[in-house]
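Generate coordinates for the entire structure from the input sequences, incorporating the hints supplied.
Top line first, the protein sequences correspond to chains A and B. 262 is the number that our numbering gives to position 222 of the first sequence; each next residue is one higher, with no gaps. 273 is the number that our numbering gives to position 291 of the second sequence; each next residue is one higher, with no gaps.
Note that these hints are calculated values from the structure, not bench results. Idealized CB from N, CA, C, for every residue including glycine. Some hints could be false.
What the hints assert, rightly or not - Sample of chain A residues at the chain B side, in silico, Cβ under 8 Å:
1) Arg50
2) Arg54
3) Trp130
4) Lys134
5) Thr135
6) Leu137
7) Ala306
8) Thr307
As the list claims (entries may be wrong) - So the derived label-pair ranges between C-beta atoms look like this:
9) A:Arg54 / B:Ala55: 27 to 37 Å
10) B:Glu89 / A:Leu232: 35 to 45 Å
11) A:Ile245 / B:His(-8): 53 to 63 Å
12) B:Thr42 / A:Ile245: 43 to 53 Å
13) B:Arg110 / A:Ala291: 39 to 49 Å
14) A:Ile245 / B:Lys111: 47 to 57 Å
15) A:Met41 / B:Arg155: 31 to 41 Å
Here is how the chains run, residue by residue.
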Amino acid sequence: MISVIKADLRKHWRRPAFRVGAALVALLVAVNYGIGLAELIWPSIAPQSGVDVDILYPANFVNNATGAAGLSSAIAMIVGALMAGSDYSWGTLKTALTQRAGRLTTVAGRIAAYLLYTALLALIILAMGVAGSVVVATYQSHPISWPAAIDIAKGFGALWLVLSVSGTLGIALGTLFRQPAAAVGAGLIYGLALQVLIVRFIAGINDGQLKWLANLFEGENSQALTRSFGGAATGDITPERAVLVLLAYVAIYVAATAALVRQRDAT
Amino acid sequence: MQNITVVETHGLTKRFGSRVLAVDSVAMSVRRGEVYGFLGPNGAGKTTTLRMLVGLIRPTAGTATVAGHAPGAPAGLARIGSLIEAPGFFPYLSGRENLRVVADLAEIDHKRVEQVLEIVELSSRAHRKFGTYSTGMKQRLGVAAALLKDPELLILDEPTNGLDPQGMAEMRRLIKEVGQGDRTVLLSSHLLGEVEQICDRVGVISNGRLVKQSSVQELLGEEGVLVRAQPIDQAEAVLTRMFGPQAVTRQDGALHLKTKPEHAVDINRELIVAGVTVSELRPFERSLEEVFFQLTGERQGS
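Set out below in structure tokens:
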């Protein structure tokens, strides 16, 4: 499996989609801090926004940066779908499957390499959070203090998990559709619209009697987990429960991908 | 060439859905050290068979042993190099980087990448992105990837597809070179001249069935005599009387006889005695093309 991971990291490193994905994630956090800083410098441009400067300081960078998880996970889903789907359209899956590793080893190696990429995205988000918060603190002449190491580690873990759920969903869809365009489309429609509508519908049935079902959706759990860093209300979903549900989603998407690659003909 | 079998199939069958029978009970054997041509018209089932041999698709029925293992088994794959259909590479990587990715997957030292680039004469253009390659360069890179493992069995699916005449000649030369020694080459093609030039043995597949498997010489070697004579009906009657109805066929205004050329004197004498005017009487050698059309029931130009 190490050889498959090595091969995948080699090709990911040079792949434009992976580089653009990483750059967009960095840009998201930079824009977040940039807007906050602009509102501090020019309060008149958005007088109603009432920016909370405390959230922009280094002590709170984990809380602030995890707020980028939502859009970043969409990017992780798109890159995952592109990776898996284009393996079919370029015929590179056939090349991989006719080398030395078996099908399941190939799938495992590929997903492992992709999870390293989502770890890199999580690190980029936090690194941009550090950089942005230091700029704000320096501009405000505010003393720099950092969150506890355990909180930074938890923030990294939460971001990695949320991005990995979306990434493995993208890989599963790319494998299912055997081409990138349909996989990206289906993933975005599900993640950004369909899931929200379904959750809203289910949560409204019989005065919320089926809320427990709505709480099983990945979007609800991702939000609950990332919001927990800011101390915001997370409803019925505790961070611990969110982690378990999200891990289950990763396992389901990985198993679905492995089953598809194992059972279907590679054409 | 040795009599050790490198590829052996029994009743290999592939159905797509309930209606399409792509490969029907194919029993083929490829021996170590030979260049085996897998001949058939487009859609005959060549690529589907080769895909089954490398484990990309699973047979509906039947068995296959490839390099001593079941198709797709890692131990077998380690001894097989293949180029099935179009070469599958990443367009944003250079030719060299693509080979390095394949080398990583195959657990091969990167030094071998430079060696295979030399073999396929792509070293000077290996830095260019695969997406910018011509069809010929893509095919050669595909062969280079297939050679990375220095495989004992090389499976090439229509490697001259899309190449211009010069590219085809270069590819044939390359296949002849890599097919020397103990290495076995299984080559699919619908180009008969190519197979006749390169291969030791051939298997002819038509409508999913293997209709013939033999050496090229054996396939071409059925001796015969061609007779042009007038009136042709009378000539046919004389020859049928001499050799039996199975041995005489009428084709393009001539009579083809399945018999040894030494009988030409007897044939000439009998025809003259019967009052037939003989305008042409000669041994004929069938081309692979003729044999192919006869075996597959296909017509040239159809």
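Compare the structure with the hints numbered earlier in the document and write down the numbers of the violated ones, lowest to highest. none
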